[in-house]
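K.L.:
Chains as they are written, first to last, in the UniProt record's numbering: chain A, 1 to 306; chain B, 1 to 443.
Think of the hints as simulated: they come from the structure by calculation, not from any bench.
Some clues are possibly wrong.
As the list claims (entries may be wrong) - Some, not all, of what chain B presents toward chain A, calculated at C-beta under 8 Å:
#, residue
1, Gly89
2, Gly109
3, Asn273
4, Tyr342
Note that the Cβ used here is the ideal one computed from N, Cα and C, for glycine as well.
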Amino acid sequence: MTTTVAAPAAAAPVTEAKVRRGWTQHGMLFVAPFLLIYVAFLVWPVLLGLRMSLSSVNVAGTNNHFIGFGNYAEAFSDPLMWHSLWNTVVFTVLSTIPLVLLGLVFALLVHNLRFVQWLWRLSFFGPFLLPSAVVSILWLQMIYPPGYGLINGTLGTDVPWLTDTSTAMLSVVLTTVWWTVGFNFLLYLAALQSIPQHLYEAAAIDGASAWQRLRSITLPLLGRTTALIVVLQLLASLKVFDQIYLMTAGGPENSTRSIIEYAYDMGFTGYRTGYASAVSYILFVLIVIVSLVQLRLFRKRAEVSS
Amino acid sequence: MQDPPDISRRLLLGGTLALAGAAAAGCAIPMGLGSSQTRVKYWHFLGASDGIIMNKMVQAFAKDNPEIFVEENVLAWGEPFYTKIAMAGSGGRSPDLATFHLARLAGIGAGATLDPINVKLLEENGLTAADFSPPIWERAHIDGVLYAIPFDAHPMVLYYNTEICGRAGLLGPDGKLKPTNGVDELMAALRRTKDAMGGKPPLAFDALGLGTVGPWRVWWTLYAQSGGALLSADNTKIAIDDAKALEVLRFMQQLGKDGLLDWRTDYGASVANFTNGQAAFLWNGDWETTGLKERKTPFSMTRFPSVFGTGAAQADCHSFVLPHQRNRDPEVERATYRFIAYLVKNSADWAVAGHVPAYLPALKEPDYLKLEPQSEYRSVITEVALDPQVWFAGSASRLWIEFGQAFSPVIGGQHTPEEGLATAKAALNRLLSAPNPFPDQER
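Just chain B, with the same shape it has in the complex (with noise of 0.2 Å):
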């Protein structure tokens, strides 16, 4: 009989605390901390398949730069990571480096919780203004400043389940589905789709339920499209353009009371709605597109149908930010934008997860064209519909939550479009009065 290896206390303990720290970071670790690599503490939100492809790019890194270690932390999407980078960055002792959401850009204050970019940095590393599309450079910046780098756009698609919509003659002779224009032109396929279907509503999306967005984010494409704004140009007065969004609410109202729409479905239903074949079509995020793939849907996507005038969609961005550092490593700033730019450089590689690469000529690259479906609707880059620059605006912000709170009984006809609207305006107008949390002058 051999006697148990001789542990020691220290090394349990050590060994204990690695794996703690293993499964805090999402076991993420690719390999340990050498005495020479230089350190990049990096915090991200991105889960699910999301998360396992930003995981392989994280490895891919570690690989061709041996002397750099990227500690990979993921945190819960939504508000609790924002109140987190608000948080670690005002204290000074932040990550080198944090995945943020451009929307959210004007609400966290960026120069007292985030540090500028370094724009030379940038350029050293590879990457200048005229490798991104140009509205989201633009709002990467406040003030003049950039306090992002842009990495994607996830614009608001139509997924459409291929083998329903061949049965319901929608599908050209390349297989792919006929775009439709106007209100009416949209109407008429929904409706062939649900005969096909056996009068089951084809359309989901997530019209009810938990915190929802969807609403506003179907309102969002759809107001955009009609050329509506929300807010005045200094962002200071509600811009709604009464006609416009109530005729957009109608018409949501409309896919309901005709049966087009399952206005009962939350967000997990209507996914899993269409992932099931009880649906033709999804309005969702593009986000979904691994998850589909997965379970073997017959699915393919394209951009947001055009409903009312342009093809605008609801979008907001993953971006890059530097939380506020009192004292930053220049060795470990030098190895955060090499990382930053293997990143975005590679755009091809996240786009797998569905997301509309940012990065320019990542569009033109035969790896990303080869992808299917993910590059048919790439076009929309130029056309997305980003929330206005307020600090209550972006993913998961006080202002998507309050207008899906405001819409969703529109979607359902427990509220008339004009109760909705006057909800929605009721609540825009007490964000408007309320303080910035992050006033201008802190900057």
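So that you can see chain A by itself, here it is in the shape it has in the complex (with noise of 0.2 Å):
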């Protein structure tokens, strides 16, 4: 018995230290599954696209030359490029600025309406279980088409929604809007249910008015949920494809292209996989700056607000 009590106490120090330095090997045993995966289907790929993006490789692997920047110079030097950065930046902004608020909207509605609940919660949420596919056959089959599409013949107007460069963008982020925003909805409802109620009582009883009691009480203790979605949206809208290329293709005339489309048509229907990867590059670094100002701006909020 002495002994095996005996035996850990003496390897104790040195294990202590490892655990302090966050290395043990135990860890390393439990976390080497992950880590394998996570090296062979993210780090390496990475790293290969990298390389791809400085070559001039095509489809096919072949024709694999070194050319160091010569993609990146071409890109940057290529309207089309930035034309449909600036598309992606549009869809962004247009996109993320209602899908925050009316996911925000949408919950307080629900969260207050007392009955069948589950209706409500049901409607808003619906769309966002439907796939890109079915959603873009949706609307760009029976709700834009000019002449029998549902909006303009309930209207009886003939606005050419998909096909006209001044109304194509926000007919996209129309579609956008009514398939994704159940998911920023049910985020603001669980953290919604998530506030005590005798915070409310406790103002109630104070005379605080219905609008007080959102503006000093609801919207700041949804900060940090506010915060997560701004956060998730901006990155998704970054990230915009299927619904552009099953609805417009990137047309009228590029107004709807964006930047992973152009990474697309220049991959696959060019064959140029190494400039599509530079391309790919350019908007992988332009996601990793805006989270890093998200990240710092969040960071400063929480710490003026604690």
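Work from the hints to combine the two standalone chains into their complex.
P.N.:
Rendered as structure tokens:
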């Protein structure tokens, strides 16, 4: 008995130091499977993509010559690349604002409607359950078509929703908002339901109006959720592809071509995998910058509030 | 009561896999692969009525050649198909045979991803250069090496509704459309048809829509008629004749302005309008023939009207290629050539789909000449306007999509012809300055 107790006691200082530095063999063993997958499916492809973006490789994997920053130079001097990047930014701004605000408004409404809540929840969240192909076909074939589409048919108008440069982007944004607002709505609803009821009761006793309660209790307590939703939404919007590809293919006149669609066109229709990788890396850097800025902003706000 | 049959797990699994395989192959496997059969793996992109006819031809071949099993694999048309061929060919473990658009040949790095055609084996199977339409045979070569066996040409044609055209008095005593020559005659015919239709636009083609190539097809047809070229002889510089290009664009815009063309129709709507008698004329490729016949539209078709000089019409050609294989089995190779020769020699069966055979003897066969209206436009085969031989040209290529996007708003009147041409030239410049992903030295 004594030996078994003594042995770990002797080893203790080493292990403790290791644990403090966050390093043990056991820990390593547990993490290893995940680490392997992480390296094989994330780190390695990321490096491979970087190498590809510096070469002239085509879709068949041949013509693999190192050309340095040639692809990047070409991308930065291609007006279509800038146009696609700008479209992506426009889409992000136009979609993020209503997606966050409407998510909040719908959550507040549903939270305060005390009857058949499941029905309201389902109706706001329902569209989010649909795959992007279904949503795109629905809007492309039934809601937007000039002539017989649901909107034009009902209003008696003849708006070329998806085929005019002035309306195409807005139409795509409208579809996206309808389709994805449910996710933000759900996050907000969960956050609302976790706010302690007694805060409201105390405020009501002090004579605070509904508006005051919203401004001074609800919105501040939703701050963290809002930060999360804004980050998630910005990232999702920057990566927009499927609904645009399916509904307008970037047209008319490139007015809805997003940066991912541009990379896709260059890589798969144009066969230039190296160039497409360079474009992907430009987007990657943009996303990293946006995430870092956000992180900074919210950290400051968190410090201030604490 | 009888017990349910005893199904072993292996049998069930095998059966499921076979079913899945059949589903993946478009349910096209005519019969099981016997151990003594030579298997030819065949990839093609022929869907809808084209696909049905191809499948019938494969089955007919199987009946005559029981020792050969053709495994038909139907893949989606367009860019994904060419991406797959490029990747399979570069890996060297590709199908034995694939269909291809001739105009895409220059863009795929023929030597790297496709194997040259064995001319001797072709001759053994009874096919020589003399059997094919010369401009098309020429296009199947790259740097003097044959890389494809032409199967057909699918040109732009003019579909017309016989009932409406009869009312407008445009049909001759033989019940066929009286040909027009030049802009004025065509416009006059369209106006008469418009009156006969109570003011509805009589002409339809896919003027806008998702990645539409209709504006390119029509423009390239008319521009080629006026004798214009797109690129310099060495394919390195833009050689567009602005005056001619603009004349064509102005004409296309005029059609919309005068209410002779409904410029709001995309591909589906233009075909639907013609099918339902909402439009009297349809400018489109010849592949809608079978569909229109099935839907009992009173129609016939003829060559694209001569508007700016010649009777040239935009076209591309289906052909057969051999994706690159590291080790080609000589037995499979012989079977492959036999299959190709069978398809080419039976081009009259294929012409049912609307395409003009590239195999010249087929054009004289009574079977083909009996085909109405498919044989009406066969003379176009010597006047097809093919794409320039550059890597970004051909069916569903960057060139087609970019030009379609540039010209679509011109037809609709949102852009001036000058703006449209400038956009197209900018796109063409961008494509010219981008490096060829499959450069020559790879061969």
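K.L.:
State for each hint whether it applies.
P.N.:
Taking the hints in turn, this is what the structure says about them:
no., hint, result
1, Gly89, "holds, 7 Å"
2, Gly109, "holds, 7 Å"
3, Asn273, "violated, 11 Å"
4, Tyr342, "violated, 30 Å"
Of the numbered hints stated above, those contradicted by the structure are hints 3, 4, listed in ascending order.
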